[in-house]
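**Student:** What follows is the residue order along each chain.
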Amino acid sequence: MLRRDEEIRGATILRTMADATTHKQRPKYLSLQAILFEIRLPLAGWVSILHRVSGLLLFASGIWLLFLLDRSLSSEAGFASIQRYLGFALVKLSLLVLVWAYCHHLCAGIRFLLLDLDKGVDKAAARASSIAVLVVSLALTAFFAAKLW
Amino acid sequence: MVNRIVVGAHYGLRDWLAQRITGLLMALYSIIVAVVLLSGQPISYAVWSDLFAQGWMRVATLLFAASLAWHAWVGLRDILMDYVKPAGMRLSLQVLVLLVLAGYLGWAIQILWR
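Chain order of the listed sequences is V and X. Add 300 to a position in the first sequence, counting from 1, and you land on the number used in this note's numbering. Add 2 to a position in the second sequence, counting from 1, and you land on the number used in this note's numbering.
Derived from the structure by calculation, the hints contain no laboratory data. Idealized CB from N, CA, C, for every residue including glycine. It is possible that some hints are incorrect.
[Claimed, not checked] Interface residues of chain X toward chain V, partial, derived using beta-carbon atoms under 8 Å: (1) 22; (2) 54; (3) 56; (4) 74; (5) 76; (6) 110; (7) 113.
[Stated by the list, open to error] Calculated cross-link-like contacts (lysine-lysine; reagent style DSBU-like; alpha-carbon spacing at most 35 Å): (8) X:87 / V:423; (9) X:87 / V:328; (10) V:392 / V:447; (11) V:328 / V:423.
Between the sequences and the hints, there should be enough to build the whole structure, so can you do that?
**Tutor:** This is how it looks when you write it as structure tokens:
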């Protein structure tokens, strides 16, 4: 008897699951509006997409960073000119954005390496580590901002 | 994909692994350089150029630049594969990325051994 009961219960569950899927609007297209306002990413999702954004940003800024390195190592006068250049607020702010991108990319990267090693995969730990990545990278950015100013 | 043959093709494993190893190398370099710069005197031209005049720093920075080029290539390729669907445009952008990275690496070597 018990068996039969379980079968009936299983069938009911299956039927309600089927109902739930048929009642959803399919297909659902992704729009910019959906991405910006409707889909709420979990924190781990923010860490992930910011890892991608920061990586792209650092790639695109490579030419500028190499320019800074090149000039600053070229001569005493070159070093002084870069120091003056970094005195401009907009330049300093741009560099700070890149400092944040670097710190975030580094912290999130360490998190992903640990996840690859099956460390901190359960939900609570993954959420805690994603908060840690966001906070630590911002704290490091603040530290370097204080050094820069 | 249960019965795919693991031997004989990479299935992206090499790139996946390379991105992680190069990432780890760059993380170590970043921490070492940050400690060296923060623990020493305030950065003047003398301190800055002396640091990059040392052999270990030049070699470490070269390894960093090479790691970065490889790492960024895998990352940018992933981004292009995800978002750029037309094959011709994707190939063009991938070639552009490779040229830019090769340029970065060449410039970095030129800066280090001047």
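**Student:** Hint by hint, say whether it matches the structure.
**Tutor:** Hints, one by one, checked against the model:
no.: 1; hint: 22; in the structure: 6 Å, holds
no.: 2; hint: 54; in the structure: 6 Å, holds
no.: 3; hint: 56; in the structure: 13 Å, violated
no.: 4; hint: 74; in the structure: 5 Å, holds
no.: 5; hint: 76; in the structure: 10 Å, violated
no.: 6; hint: 110; in the structure: 6 Å, holds
no.: 7; hint: 113; in the structure: 5 Å, holds
no.: 8; hint: X:87 / V:423; in the structure: 33 Å, holds
no.: 9; hint: X:87 / V:328; in the structure: 20 Å, holds
no.: 10; hint: V:392 / V:447; in the structure: 11 Å, holds
no.: 11; hint: V:328 / V:423; in the structure: 27 Å, holds
Violated hints, listed in ascending order, are 3, 5; each of the other numbered hints is respected by the structure.
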